[in-house]
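A.B. asks: For reference, the chains in residue letters:
Protein chains: 2
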Amino acid sequence: MSALSSQREFIDLRLDRLLPRSGLDPLADPVRAACFSGGKRARPILAMLSAAHFGGRELAALDFGCALEMVHAASLILDDLPCMDDGAMRRGAPTLHRRFGEDAAMLSAIALLNQAYAAITADEGLTAETRLRLGRMLAGAVGFGGLAAGQMRDLRDPAALRDEASLTSLNHQKTGVLFVAALEGGAVIAGADGAACASARLFADRLGFAFQLWDDLQDCTSTLEAMGKDALQDGDRVTFVTLWGEERTRATIKTVIDEALSALGNLDCPMAAYALSLMPAA
Amino acid sequence: MSALSSQREFIDLRLDRLLPRSGLDPLADPVRAACFSGGKRARPILAMLSAAHFGGRELAALDFGCALEMVHAASLILDDLPCMDDGAMRRGAPTLHRRFGEDAAMLSAIALLNQAYAAITADEGLTAETRLRLGRMLAGAVGFGGLAAGQMRDLRDPAALRDEASLTSLNHQKTGVLFVAALEGGAVIAGADGAACASARLFADRLGFAFQLWDDLQDCTSTLEAMGKDALQDGDRVTFVTLWGEERTRATIKTVIDEALSALGNLDCPMAAYALSLMPAA
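Residue numbers (this note's numbering), protein chains in the order written: chain A, 1201 to 1482; chain B, 1201 to 1482.
There's no promise every hint is true.
Stretch-level coverage of chain A by chain B, calculated; a stretch enters the list once three of its residues show a Cβ under 8 Å from a Cβ in chain B [as the list claims (entries may be wrong)]:
#	stretch
1	1235-1247
2	1322-1329
3	1380-1386
4	1437-1446
What follows is a list of derived Cβ distance ranges for each label pair [claimed, not checked]:
#	chain 1	residue 1	chain 2	residue 2	range
5	B	1467	A	1257	35 to 43 Å
6	A	1224	B	1363	19 to 27 Å
7	A	1369	B	1451	55 to 63 Å
8	B	1329	A	1213	25 to 33 Å
9	B	1467	A	1299	49 to 57 Å
10	B	1418	A	1421	55 to 63 Å
11	A	1391	B	1294	29 to 37 Å
12	A	1292	B	1447	38 to 46 Å
13	B	1205	A	1364	48 to 56 Å
Source of the hints: derived by calculation from the structure; they are not laboratory data.
Note that CB positions come from ideal geometry on N, CA and C, so glycine has one too.
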């Protein structure tokens, strides 16, 4: 675990450099609060581990990983807004709009998404072609068909109409896309070939599904104290836990993780070990 | 004016292709409503005229221009939200959040900003280096130090503290940055040298200032019927019109336009003629 602490340190230091200093921009304080609130840094760590797994340098994926972390932070800000999930607490603290106002929260999300593209397009450690490919990959993960569309479907689809197929595609759009971008992006940065990139995508897709199932499970079984965010806020929504019950969901998490590891071929690697460590409840 | 109609047609056709079809994405209808609501397309037209002015092809700047138009549309959506300016009408119709809901409006703004980067990074008519340069230019215009920061300052700065210097920098952040990106981006696409790019920037900076002054003037003197958006919504804010009065503001618009034209050198060109046509009240 000391290797992961050092990756987190690199990520925190680099994020600190990629965001404006407090006082230099009116959005500096809220974006820093959003990015330094005790997140696991799962996406940048996975991007770095993927780059190493496919034969590149971990640090070559640092800026791309930070870009994913900014997008993830932006998505949490938006999810918590009153017109979305109306969250009061996140990671044990009041949500960003409760601390800084809705206007500041919304503009912080915009600035973070924008800064993600700034980091990718300015990443001088990568070739121009790689930067553009990562930019297109991020664009596919965030907008139409990605996070924004997934959030829209989640808010507007009548819960009564949800079945396994629509929940699966919704989960992919809401959680899977950034995991896929992290793992596939790491492989691209390492110069991996098409087959290796495809295995990274499949690994990430299964991992994202397991992660979402685990998150649904947590929302159903945890209390506010244990979670640090509003528990039972998914209470009025259809999730796999409401469709399948707890036991089947737990069993499926195990199956899906096995599928992820099979996609990878090599089970005994830091990337797989880290992926498993993300889901302690499984 | 027939040349400009043909540019607008190209822009509308291309925007139509760069956005998802209705029914194919839950955000397709609101983003289309935001992008096809009778805007002048000033930013993409300026980008195209700039590309031609500096020796390139107008159509080489079409996708970049559409990216700017998407960002502009996103900024209008956000400005109108209840936690921002709380606008009811825009271009003669109810604002996007009144038609589709706040959640859809906010996610549409995110998706449009994201799609702007998708369009730039995927623009195969430009070299990889040019696309990255345009991406970095857009990133500088939108986030920290740009539109988002400008909107934050506009909402939170105590109006009482505003003087000419802070209003000028605020106007630059709120309006100037996208004009600068349009004109400088067109010059970059044409392969213009550093001096030419600098003259494009200065022209755009002055033009943006004149445009903001004109907009302030319109907000103070127009009625809802004439404007198509909420008149007098700037009534409780300090603007150049409240600092200087109408007459001095009108005179300054003329001076600033002269400065813009001097920066350009060549006064008798389609770019200058179009720029002047944007401010009929001057």
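A.B. asks: I'd like to know which numbered hints this structure contradicts. Please list them from smallest to largest.
C.D. replies: Going through the list in order, the structure violates hints 1, 3, 4, 5, 11 and 12 and respects the others.
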